[in-house]
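Enquirer: From first to last, the protein sequence lines are chains A and B.
Counting in this note's numbering, the first sequence runs from 123 upward without gaps.
Counting in this note's numbering, the second sequence runs from -9 upward without gaps.
Treat the hints with care, as some may be off.
With the Cβ distance kept under 10 Å, some of the chain A side facing chain B (calculated, not the full set) [stated by the list, open to error]:
no., residue
1, VAL208
2, GLY215
3, GLN224
4, SER248
5, SER270
6, SER365
7, LEU368
Have a look at the derived ranges for each label pair, beta carbon to beta carbon [unchecked claim]:
no., chain 1, residue 1, chain 2, residue 2, range
8, B, GLU31, A, ALA198, 48 to 56 Å
9, B, GLU129, A, GLU367, 33 to 41 Å
10, B, GLY275, A, GLU371, 42 to 50 Å
11, A, ALA228, B, GLY209, 51 to 59 Å
12, A, LEU308, B, ASP36, 22 to 30 Å
13, B, ARG190, A, MET161, 50 to 58 Å
Everything labelled a hint here was simulated from the structure, so no lab data went into it.
Glycine included, each C-beta is placed from N, C-alpha and C at the ideal position.
As a plain string of letters, each chain reads:
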Amino acid sequence: MKSIFELSPLVAETTVACRLAAYGTVRAVPASLPGLRQMGGPYGDPLPTSFLKHSDEQTVVGLAAVFQAVRRYGLAEGAFSEWGVVAGPRLFGRLAVATALQRFAAEGAWGVSPHLIPHRSLHSLSGTVSQALEIRGPNFGVAGGLESASETMLAAAALLAEGQVPGVWVILTGWSPEPHLEKPGLPLTGAPRPAESVYAAVALALTTLVSDAEGPLLQITPAGAGWNRGSLLDMNTSLPRFSLELLQEELETDTMISANWRLACGGSLEFERVESSAENRL
Amino acid sequence: MTEGAAAWITGAGAVTPLGNSYQAIADGFLEGRSGVRMVTEFDVSDHPSQIAGVVDPIPCPVDMDPAEFSRLHRLEQVILSCCQAALRDADYWNDRDTLRIGLVLGLGAEWLEVWEADANQGGNRVYDPSLNANSMVRETCRRLKFSGPAISVSAACASGNYALAQARQWLELGWADICLAGACDMGVTPMALAGFGNLRALSRRNDQPQAASRPFDKGRDGFVMGEGGAVFVLEPQARAYRRGISAYAEVAGFGASSDAYNMVIPSPDPEPATAAMRQALADAGIDPAEIDYINAHATSTPRGDAAEAKVLEAVLGSAVHSVPVSSTKSMTGHLLTAAAAVEALACLIAIDRGALPPTINLADPDPECDLCHVANQARSQKVRVAVSNSFGFGGSNTCLVLKAV
């Protein structure tokens, strides 16, 4: 496939720079999930029947964020068929696993759903996005813990820098805030319950740099790397820690000019919006 | 990869159903020994599949308190054991706090396994998010004093190949001086054994554990679960040269693609997996006829093995009947997230020992898998180029090329 972008040299030895070609953000209350599971594809076509029936809630909102980005930016069908998909869900499958554990305790081995592993493993979100959009490039999940967002950006940057794919879909998802699940006999902490939380998702379409590209610039620099080791480590201590919530907030605020975050896995992420609205450029 | 910056593997550490040292694992592979047995660690009387490749007690790393080690989750034990063994093997253990050591680990079911084990002990980690602050990768960095970037990745059974590819790229970008990469999975748990069993993915040959994993054989009826892990030290060629240390191999090529077909079932169209293999060979600058050994993904499922055979036919062309192929899952079972890493180790052993590990239990080769099998017994052969295929749930296809150095 001929990409609309071309690879350009990295801006610095240890920094991966890329463009944010499109993005989508979703916040969904739990009650809206059944409806989202029935959503159609981004080009007006329906998804296969029951496609999302067994998917984790984070998979559903992550895919919805990708679809939103495709629609909002009018990305052509097949334009990213060779892209990579890198997904960083947070405490993925927690609700389903809690339910499965209770059912296993009550019913034994035959009570475990055969859909549990295919749809609640770390790769499940990226695999579902790949299947839904017929993306044939690499797909994988990253981290799965509370710091998934940072690790996912690092992995995506490395994949993009490798030069084998013209672009990468990055999908970050999680409960926001993380709720305390109910268990008979377990006293609840001050954390919210599931009904008081929302499912959050951000989808980023990242591409390599070209001279005439417009739109926000992302620069990802790991800590302790090469020439900027000392200064970066010093700088990192004063930066806010990158998270799904911070990114979502910034993307949904048109006035944002730039932001600089600390990556929990080491390094920094710089976001520079070079024009007021990315929607104008595609 | 720029000249002098090729990524060499200079250390390896592993925990497998065949043993917990390089020597034991190499001997096990080349003797054609099965590590599969009845699961006795928990009650399996209600499980459709009751067998697995289970590891022996995991060695406690030197410098670590055995009592503290015994309290860790088994997955964390495997990670620490593999990382330390790999660093010691590469002669980096005592220098680890002076280097920028990166860490890329394939961990596909970390949270599922942690939550299940915790619940079995009466814990509440799955319910209370505040009890899940640190991932195993972060804990590993803390315990072993690593200062470089660290992540975990998962592409199901292809995770280990992705980890090695990421690590190679990190070295290329200068993100770390050396990088530990591999994958670990302690997936033989009550719920996972039940889940895969109910998915009808597992062999039910419970009365013949050691004969149950039989890739490419007409009598295959599903895969056998396994557990363990393998971690490698990757470093730039120039650095290894300067240290004067021997290397197992170069990570010479990597290719990846997605089926975009089904979350569980491999695509009947061989094209996506074929593309991954071709990409890896091109990345390594290797022609198919130059391959000395292929460690197939072949898990012993009826559909998957035949699908991979089609891929190999498409990629190898006329060489399909001369390039030796085996599946070491016949001996270890399928280590799931850790499979690709352990099978990369099998390739290193083939290069190191000049011998090809066999597919055991290959009594009646399936005509749909008409390949140049290394059947039942190891074969002496010099190996310069070894290729390892790893495919996974979610439609992942990966191929790794390892070259002798």
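Enquirer: Determine for every hint whether it applies to the structure shown.
Expert: To see whether the hints hold, each was checked on the structure:
1. VAL208: 9 Å, holds
2. GLY215: Holds, about 7 Å.
3. GLN224: 9 Å, holds
4. SER248: 7 Å, holds
5. SER270: It holds, given that the least Cβ distance between A/SER270 and chain B is near 9 Å, below 10 Å.
6. SER365: With Cβ-Cβ at 14 Å, over 10 Å, it is violated.
7. LEU368: Violated - the Cβ of A/LEU368 stays beyond 10 Å from chain B, reaching only about 18 Å at its closest.
8. B/GLU31 - A/ALA198: 48 to 56 Å: 53 Å, holds
9. B/GLU129 - A/GLU367: 33 to 41 Å: 24 Å, violated
10. B/GLY275 - A/GLU371: 42 to 50 Å: 47 Å, holds
11. A/ALA228 - B/GLY209: 51 to 59 Å: 36 Å, violated
12. A/LEU308 - B/ASP36: 22 to 30 Å: About 26 Å separates the Cβ atoms of A/LEU308 and B/ASP36, which means 22 to 30 Å holds.
13. B/ARG190 - A/MET161: 50 to 58 Å: 30 Å, violated
In terms of the numbered hints stated before, the structure departs from hints 6, 7, 9, 11, 13, listed from lowest to highest.
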